[in-house]
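Asker: Sequence:
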Amino acid sequence: MYLNLSELHPFKNHPFGVRDDAEMQGLVESVKAAGVNQAALVRPREGGGYEIIAGHRRQRASELAGFVNMPCIVRNMTDDRDAGKRSTQIVGDRNGMNYKQVQRYIRLTELVPDLQKMVDEKQLSFTPAVEISFIRPKHQKYIAVAIEGQASSLSLSQAQKMRELDKEGKLNGDVIDGILSEQKKEVDKVIVNSAELEKYFGKDKTPREMKDTILALLDEWKEKQPPEMGKLDKKKAMEK
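Under the working numbering, the sequence shown has 1065 at position 115, and the numbering climbs by one with no breaks.
No lab work stands behind these hints, which were simulated from the structure alone.
Be a bit skeptical, because a hint or two may be false.
In silico SDA-like pairs for lysine to any residue, Cα to Cα no more than 25 angstroms straight-line [stated by the list, open to error]: (1) K1072 with E1118; (2) K1088 with S1144; (3) K1172 with L1106; (4) K982 with I1023; (5) K1161 with Q1053; (6) K1161 with G1099; (7) K1153 with E973; (8) K1067 with Q1110; (9) K1072 with A972; (10) K1172 with P1157; (11) K1067 with K1091; (12) K1172 with T1077; (13) K1091 with A1101; (14) K1149 with S1131; (15) K982 with A1015; (16) K1161 with G999; (17) K1067 with I1023.
This one's a predicted model, so the numbers in the text were calculated from it and none came from an experiment.
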């Protein structure tokens, strides 16, 4: 059904960044030209109106495009654990990603505010940010200060190293500074240009949408690999 935008409210601590950036402007132009082609998923709200489960960016784009309503699917959904799992799957389905990718977005809510801001401003990449989200908040705060102070980015391998050291109780300010000052391995950089990606995605997909789809496909590929592959990788690492 079509619901007024004024009746739609975001669910608390939702993991999807809604920013008025270039990607949003592209979505606004699309909505102006063809309307919202995928209905939002909402549920009735105790205080009146509806809570958005999936479709926060579409709601904002509709608002910026001058629309007063948008298409929505209304479902009764609860907050208990089992329903939450189904909700995660539903959110993924409605946004073109698998439930594991949705869980990664949710992990970002575990970051301290300074690191969340770095993710929003693309100063901290998504995958390393997910690894950092597992680190204790007091160390996260120092990581944010260190990244700002050294004006450096954080690679996936560095984030994984910090997470492991935090788990072992060996992470501190000096260790964080040392890890960030290390030269990043070239293996952390894989560059694919836009022309190569357009063969698979066309010209309508945003960089974030392409990245999310690629990571989701890699997750599916990894799950299909035989257990022996992981053992072989460990054996090679030990030989080195």
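Asker: The structure should be examined with respect to each hint, and the outcome stated for every one.
Answerer: Structure-based check of each hint:
1. For the hint pairing K1072 with E1118, the CA-to-CA distance comes to about 29 angstroms; that exceeds 25 angstroms, so the pair is violated.
2. A C-alpha spacing of about 39 angstroms is found between K1088 and S1144, which places the hinted pair above 25 angstroms, so the restraint is violated.
3. Annotation: proposed proximity of K1172 to L1106 holds, straight-line Cα distance about 17 angstroms (limit 25 angstroms).
4. Proximity of K982 to I1023 is assessed by CA-CA distance (about 21 angstroms); at most 25 angstroms being required, the pair is judged to hold.
5. The suggested pairing of K1161 with Q1053 holds, with an alpha-carbon distance near 16 angstroms, which does not exceed 25 angstroms.
6. With a C-alpha separation of about 28 angstroms, the suggested pairing of K1161 with G1099 is violated against the 25 angstroms cut-off.
7. Between K1153 and E973, the direct Cα distance comes to roughly 13 angstroms. Compliance with the 25 angstroms bound is thereby established for this hinted pair.
8. Between K1067 and Q1110 the CA atoms are separated by roughly 20 angstroms; this keeps the pair inside 25 angstroms, and the hint holds.
9. A distance of roughly 13 angstroms separates the Cα atoms of K1072 and A972; the hinted pair therefore holds under the 25 angstroms criterion.
10. For a cut-off of 25 angstroms, the pair hint linking K1172 to P1157 stands: about 22 angstroms separates their Cα positions.
11. Of the supplied pair hints, the one linking K1067 and K1091 holds, its CA atoms being roughly 12 angstroms apart against a limit of 25 angstroms.
12. Distance restraint check for K1172 and T1077: the Cα-Cα separation of roughly 16 angstroms lies within the 25 angstroms cut-off, and the hinted pair is therefore satisfied.
13. In summary, the hint linking K1091 to A1101 is supported, as the alpha carbons are separated by about 15 angstroms, within the 25 angstroms threshold.
14. Restraint check: the Cα-Cα separation between K1149 and S1131 comes to about 38 angstroms, which exceeds 25 angstroms; the hinted pair is violated.
15. The straight-line distance between the Cα atoms of K982 and A1015 is roughly 6 angstroms, inside the 25 angstroms bound, and the hint therefore holds.
16. As the CA atoms of K1161 and G999 are separated by approximately 34 angstroms, the hinted pair breaks the 25 angstroms bound.
17. Between K1067 and I1023 the alpha-carbon distance is near 31 angstroms, which puts this suggested pair outside the 25 angstroms criterion.
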